[in-house]
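Novice: Chains Z and E are the protein sequences, given in the same order.
For this note's numbering, add 159 to where a residue sits in the first sequence, where the first one is 1.
For this note's numbering, add 1 to where a residue sits in the second sequence, where the first one is 1.
Be careful, since some hints might not be right.
Stated by the list, open to error - Taking lysine to any residue and the SDA-like style, the derived pairs with C-alpha atoms no more than 20 Å apart in a straight line are:
#, chain 1, residue 1, chain 2, residue 2
1, E, K111, Z, V186
2, E, K111, Z, D189
3, E, K111, Z, L194
To be verified - Now the stretches of chain Z that chain E is said to cover, found in silico as 3 or more residues with beta-carbon under 8 Å:
#, segment
4, 181 to 192
5, 195 to 209
Simulated from the structure, these hints should not be mistaken for laboratory data.
By construction, the Cβ of each residue, glycine as well, lies at the ideal position given by its N, Cα and C atoms.
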Amino acid sequence: MNAKGATTMPKTEYTIEPGKQELISTVVLDAPRELVFKAYTDPDIFVRWWGPSRYENKVIKYDSRSGGEWHVIQRGADGSEFGFRGVNHDVVAPERICQTFEYLGVPGHVALQTATFEPVGNKTKIVAQIVFQSVMDRDGMVASGMRDGADESMERLAAVLEELKKGK
Amino acid sequence: MAADQLSVTFAALADPTRRAILARLANGEASVTELAKPFDLSLPGISKHLKVLQRAGLITQGRNAQWRPCRLEVGRLREASEWVGEYRRFWDESFQRLDDVLQEMIKEEKTDERKRSDHDAED
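Let's have the full structure, built from the sequences with the hints guiding it.
Specialist: Shown next as structure tokens:
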């Protein structure tokens with residue numbers, strides 16, 4: 160069922176190789192890369208898409224130039240706040256953004272993330288690479304269900320966790 | 002949850018044997034011998050994995066001297082899963098929203114172009 164003109168759900172693929180500190184997410188979006196780059200670097204547009212929709216993005220700092228700092232707080236309806244910050248190391252329009260990333264809820268675990276935008280016809284392939292400070296930092300994310308198609312025990316564990324969350 | 006505890010939990014989860022042990026314990030408590038059976042592991046080998054899981058607070062071992070059953074401790078797993086589940090949801094949902102925003106931007110651009118060309122035609 161894929162009617163012409165209907166919005167299709169973008170499918171994000173996660174690449175995670177054993178023993179490495181990196182993690183790569185790849186997605187193809189139906190827009191030219193100049194637009195994708197703008198959506199990443201313009202704070203007014205950035206706040207409209209970054210993070211789950213149940214959180215409101217509040218920009219403290221958002222300097223998209225090379226060397227510029229960024230600091231964004233996500234606020235939930237219940238008043239809970241999650242801070243994220245980093246520094247833009249290299250911002251090359253319209254092809255690449257390389258920046259540090261730190262979730263302030265678990266401070267000190269700083270990752271380096273690079274987003275590259277590759278044109279695929281009129282679409283754009285976004286490749287987001289995140290390099291963690293240790294394999295342990297990364298595997299923590301992976302082991303707890305960041306990826307589809309994990310081994311069977313992981314799937315079973317994930318299913319169990321869902322049950323647990325429902326309070327069974 | 003303290004950052005250090007999160008690291009310990011993650012390190013314990015980053016091993017397929019230990020995840021399989023947790024999956025087995027999700028079906029109910031089991032003895033060390035029972036847990037060792039599906040794996041090609043010696044008792045000392047499985048004990049090592051159990052010790053890591055125990056230290057991470059993911060399992061507890063009963064005091065019953067006869068068979069000391071291992072039991073899954075759901076609290077710590079729930080904490081870890083909530084924290085990282087967010088991460089994946091974060092990007093899946095972000096890219097979905099980014100796609101929506103991009104489509105709006107494309108529409109706006111087309112409208113602007115049309116306005117411009119209408120304006121040019123008037124001149």
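Novice: Is the hinted pair K111(E) and L194(Z) satisfied, with a Cα-Cα distance of at most 20 Å?
Specialist: holds, 13 Å
Novice: Given that the segment 195 to 209 of chain Z was listed as covered by chain E, double-check it with a C-beta distance under 8 Å for 3 or more residues.
Specialist: Coverage by chain E holds for the segment 195 to 209 of chain Z (7 residues, Cβ < 8 Å).
Novice: Under the criterion that the straight-line Cα-Cα distance not exceed 20 Å, is the pair K111(E), V186(Z) satisfied?
Specialist: violated, 24 Å
Novice: For the segment 181 to 192 of chain Z, does the count of residues with a C-beta closer than 8 Å to a C-beta of chain E reach 3?
Specialist: This one holds; 5 residues, not fewer than the three required, reach chain E with a Cβ under 8 Å.
Novice: Verify the proposed pairing of K111(E) with D189(Z), using a straight-line Cα cut of 20 Å.
Specialist: The hint holds at about 15 Å.
In summary, the one numbered hint that this structure violates is 1.
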